[in-house]
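Residue numbers (this note's numbering), protein chains in the order written: chain A, 1 to 546; chain B, 1 to 156.
Note that these hints are calculated values from the structure, not bench results. There may be inaccurate statements among the hints.
Unchecked claim - DSSO-like cross-link-like pairs, simulated, lysine-lysine; straight-line CA separation at most 30 Å:
{"#": "1", "chain 1": "A", "residue 1": "K480", "chain 2": "A", "residue 2": "K542"}
{"#": "2", "chain 1": "B", "residue 1": "K104", "chain 2": "A", "residue 2": "K23"}
{"#": "3", "chain 1": "A", "residue 1": "K480", "chain 2": "A", "residue 2": "K539"}
{"#": "4", "chain 1": "A", "residue 1": "K510", "chain 2": "B", "residue 2": "K109"}
{"#": "5", "chain 1": "B", "residue 1": "K109", "chain 2": "B", "residue 2": "K89"}
{"#": "6", "chain 1": "B", "residue 1": "K89", "chain 2": "A", "residue 2": "K542"}
{"#": "7", "chain 1": "A", "residue 1": "K349", "chain 2": "B", "residue 2": "K104"}
{"#": "8", "chain 1": "A", "residue 1": "K545", "chain 2": "B", "residue 2": "K109"}
{"#": "9", "chain 1": "B", "residue 1": "K89", "chain 2": "A", "residue 2": "K539"}
{"#": "10", "chain 1": "A", "residue 1": "K539", "chain 2": "B", "residue 2": "K109"}
{"#": "11", "chain 1": "A", "residue 1": "K510", "chain 2": "A", "residue 2": "K367"}
{"#": "12", "chain 1": "A", "residue 1": "K367", "chain 2": "A", "residue 2": "K23"}
{"#": "13", "chain 1": "A", "residue 1": "K349", "chain 2": "B", "residue 2": "K109"}
{"#": "14", "chain 1": "B", "residue 1": "K104", "chain 2": "A", "residue 2": "K542"}
{"#": "15", "chain 1": "A", "residue 1": "K545", "chain 2": "A", "residue 2": "K480"}
As the list claims (entries may be wrong) - So these bits of chain B aren't anywhere near chain A, every CB distance computed over 12 Å:
{"#": "16", "residue": "R46"}
{"#": "17", "residue": "G48"}
{"#": "18", "residue": "S52"}
{"#": "19", "residue": "P63"}
{"#": "20", "residue": "P90"}
{"#": "21", "residue": "L94"}
{"#": "22", "residue": "A96"}
{"#": "23", "residue": "D101"}
{"#": "24", "residue": "A102"}
{"#": "25", "residue": "Q106"}
{"#": "26", "residue": "N107"}
{"#": "27", "residue": "A151"}
{"#": "28", "residue": "R154"}
{"#": "29", "residue": "G156"}
Ideal Cβ placement from N, Cα and C applies to all residues, glycine included.
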Amino acid sequence: MPRYLPRLAPGLSGRVFIMQERKLLSGNEAVALAALHVGLTRGAGYPGTPSTEILENAARLGVPCQWSPNEKVALEVALGVAFAGGRALMTTKHVGVNVAADPLFTATYTGVSGALVIVACDDPGLASSQNEQDSRRYAEAAGAPMLEPCDSQQAYDYARLAFQVSERWGLPVILRMTTRVCHSKTIVRSRAPEVPRAPSYVQDIPARVMIPGYARTAHRRLRAKLAEIAAWNEAEGPVTVHARGADLGIVADGICVCHALEAAPGATVMAVGMIYPLPVERIRAFASRFPRCAVVEEGDPVLSRALLAAGVRIEPRPEPYRFGELDVDRVRRLLAGETAEPPPPPPGKPPQLCPGCPHRTSFDILKRLGCIVAGDIGCYTLGVMPPFQTMDTCVCMGASIGVGLGLRHALPPEQARRVVSVIGDSTFIHSGLTGVADMVYNRPPTGHVVLILDNATTAMTGLQEHPGTGRLLDHRPAAKTLSIEETCRAMGVDRVTIVDPTRDAAGLEKALADSMASDDLTVIVARRPCILAVSREAKAAKAAKG
Amino acid sequence: MDGVTNVKFAGLGGQGIITATDILAGVAFAAGLDVKKAEVHGMSQRGGAVTSDVRFGPCVLSPLTPEGASDILVVVAEDQVEINRRHLKPGGVLIAPSAVDAAKLQNRKSLNVALLGILSRHLPFPESLWIESLHAHLAPALHAANDQAFALGRAG
Ligand SMILES: Cc1ncc(C[n+]2csc(CCOP(=O)(O)OP(=O)(O)O)c2C)c(N)n1
Ligand code: SF4
């Protein structure tokens with residue numbers, strides 16, 4: 001029963017659909033719901049905007065989920081689940097696919113016995129990332145079929161389809177989303193849940209042990225599977241044609257479908273749901289029906305290059321549209337062939353470290369000591385902003401240590417001594433440990449200093465747990481807590497010091513100055529919880545008491 | 001797009017922009033309309049500028065409102081008014097933070113909800129839907145203060 005029939009404003013008349021099953025979900029929430037409905041065995045991932053809320057929401061729905069220390073481990077865990085015959089989900093932001101690329105490129109050879117779906121979330125426009133890489137490139141490079149939803153309904157539908165495709169062909173499948181799809185809320189109608197078969201081990205040595213002899217066969221098997229999937233995509237894959245006018249055809253994927261439908265009301269739009277392997281013949285037939293056929297895609301010219309290479313007659317997109325996010329206005333200009341874009345609007349207020357953030361003291365001190373800061377990624381990257389402007393490099397997670405060591409090796413001693421690697425606790429566990437191994441192994445003549453800003457959370461992405469917080473993804477206690485200081489000591493670091501930057505700023509400053517002056521390998525742990533994490537915990541404790 | 005209403009919220013991280021647009025989207029959704037809502041998470045939330053679009057009507061295509069096509073612009077931070085004015089369409093309604101007497105708010109953090117109260121006067125949804133959505137998106141401990149803020153805005 002509709003609870004309310006709206007008294008519509010003059011502009012609001014028209015089709016009003018009211019149904020019991022509707023939900024207003026973000027793309028991430030829709031994938032989480034799909035995970036529940038496919039009876040997911042386990043989800044694994046590492047936080048990263050815009051992908052983080054998938055596992056958080058799935059866990060809230062009761063799906064077993066974990067944060068792994070990094071994306072490579074997460075994908076390996078998911079692969080193990082799928083080798084066991086289970087249904088596995090791995091979630092990551094685009095740059096996390098780089099970290100997980102090693103297992104990915106061979107998981108397509110081994111294939112899976114259950115199902116393995118990787119959700120890769122790109123960030124065109126850099127809402128919260130260090131680059132604009134396009135994960136669609138990975139599909140072809142790794143030989144993984146890739147589905148691309150345009151809204152939350154498709155995120156739900158294609159997530160479920162991805163499990164079907166994965167199970168049918170025994171291949172990992174990538175669901176590629178972008179910030180707009182992950183974080184926009186649109187209406188979803190869900191379907192009845194499935195009951196998957198229970199995991200049980202079946203040995204298959206030639207399929208899963210990738211020695212050259214088996215891998216040669218596996219590569220051929222992969223290509224044969226992809227050929228079958230291509231044929232399936234041509235015949236019955238997820239392609240939607242929004243039939244409208246006959247003058248202009250548009251081929252689009254992902255969110256671009258929505259923008260194109262609005263930007264060109266008279267155009268007929270073909271929405272390609274599985275972009276690898278691409279249904280080239282379907283697109284060729286579509287394109288041939290129009291005097292003009294344009295490709296609307298965000299990021300790299302993946303679709304247009306593939307179509308042009310196959311000799312499909314399409315208009316490639318002008319180069320400026322490779323940069324940033326597309327929207328309705330930009331798609332209008334793209335279709336008009338405009339290459340000059342209006343100047344970007346004035347930037348809004350930039351983000352800053354919260355008032356009272358414990359990272360602030362550390363950056364005050366680093367600045368005062370004239371450090372060359374090999375930085376890393378997290379809230380503390382905001383140390384690059386005024387008033388600190390105290391970060392000299394930031395490339396990818398974990399790079400602070402390797403880059404800091406390289407600087408130490410190359411610079412003259414008086415400069416080398418000023419080099420400090422600054423890294424957060426979550427980032428340290430993600431990819432700082434191997435940097436410490438290198439530091440201990442290839443010791444720079446002036447030693448080195450690593451400052452770990454331990455705020456007891458993964459703050460940047462919204463306060464997620466990690467192996468050092470002592471709590472699991474759903475904030476329940478973990479069986480063990482990884483000790484950063486004990487790990488560094490065990491790895492052979494000369495000096496490990498723990499200081500509270502808020503209570504003992506002078507102590508932190510002295511520890512830093514002393515280590516920079518010495519030739520020791522030093523790790524300083526600046527330990528003070530993130531103030532947002534503290535207030536979240538206080539709230540949770542209050543709620544638990546009632 | 002035919003019959004689509006575009007509302008944009010703008011302000012700074014931590015001002016409850018995302019909660020406010022969740023509440024508005026919830027109202028339009030409960031009214032049986034098609035709804036799309038866009039927001040950005042991450043870096044922009046550390047006190048940086050935040051905007052979020054809600055579009056509703058019989059059928060919404062893109063989740064992003066085209067430039068200069070917002071019917072209503074609600075700004076929660078005074079210093080964000082001018083930067084965001086360009087989003088408003090000619091003749092559109094601007095709801096600025098100065099429209100609320102902050103001294104009358106039980107909780108100063110409820111400014112976003114007081115502005116929703118003002119917004120509600122421009123939209124065809126009954127008060128009961130607003131209150132329901134408000135309560136669905138806020139912790140019970142916050143209901144009283146936000147009911148007051150909403151009423152303050154709605155009374156005008
Ligand atoms: C490979 C990769 N995965 C994930 C991210 C997203 N990300 C950036 S920094 C970060 C962790 C931040 O946590 P921490 O190092 O503890 O610093 P904090 O934000 O708490 O200060 C994450 C998850 C990324 N940039 N790259
Ligand atoms: S969220 Fe925490 S770590 Fe990040 S800036 Fe705020 S206080 Fe600092």
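Is the hinted pair K349/A and K109/B satisfied, with a Cα-Cα distance of at most 30 Å?
-> The given pair, whose Cα atoms are some 20 Å apart, holds under the 30 Å limit.
Measuring Cβ to Cβ, find out whether Q106/B lies farther than 12 Å from everything in chain A.
-> holds, 19 Å
In terms of Cβ atoms, is chain A entirely out of 12 Å range of L94/B?
-> holds, 17 Å
Given the hinted pair K104/B and K23/A, is their alpha-carbon gap at most 30 Å?
-> violated, 36 Å
With a cut-off of 30 Å on the C-alpha distance, tell me whether K367/A and K23/A pass.
-> violated, 50 Å
Pair hint outcome, K109/B versus K89/B [Cα-Cα no greater than 30 Å] = This hinted pair holds, its Cα atoms lying about 29 Å apart.
Does the structure keep K510/A and K367/A at a Cα separation of 30 Å or less?
-> holds, 14 Å
Beyond 12 Å from chain A, beta-carbon-wise, is N107/B?
-> holds, 15 Å
Checking the smallest CB distance to chain A, is P90/B really beyond 12 Å?
-> holds, 15 Å
Below or equal to 30 Å on CA atoms is what counts here, so check K545/A against K480/A.
-> Roughly 26 Å separates the two Cα atoms, so the pair holds.
Is it true that the CA of K349/A sits at most 30 Å from the CA of K104/B?
-> holds, 28 Å
Could you check that no beta carbon of chain A comes within 12 Å of the beta carbon of P63/B?
-> violated, 4 Å
Violated hints, in rising order: 2, 4, 6, 9, 12, 16, 17, 18 and 19; the structure is consistent with all others.
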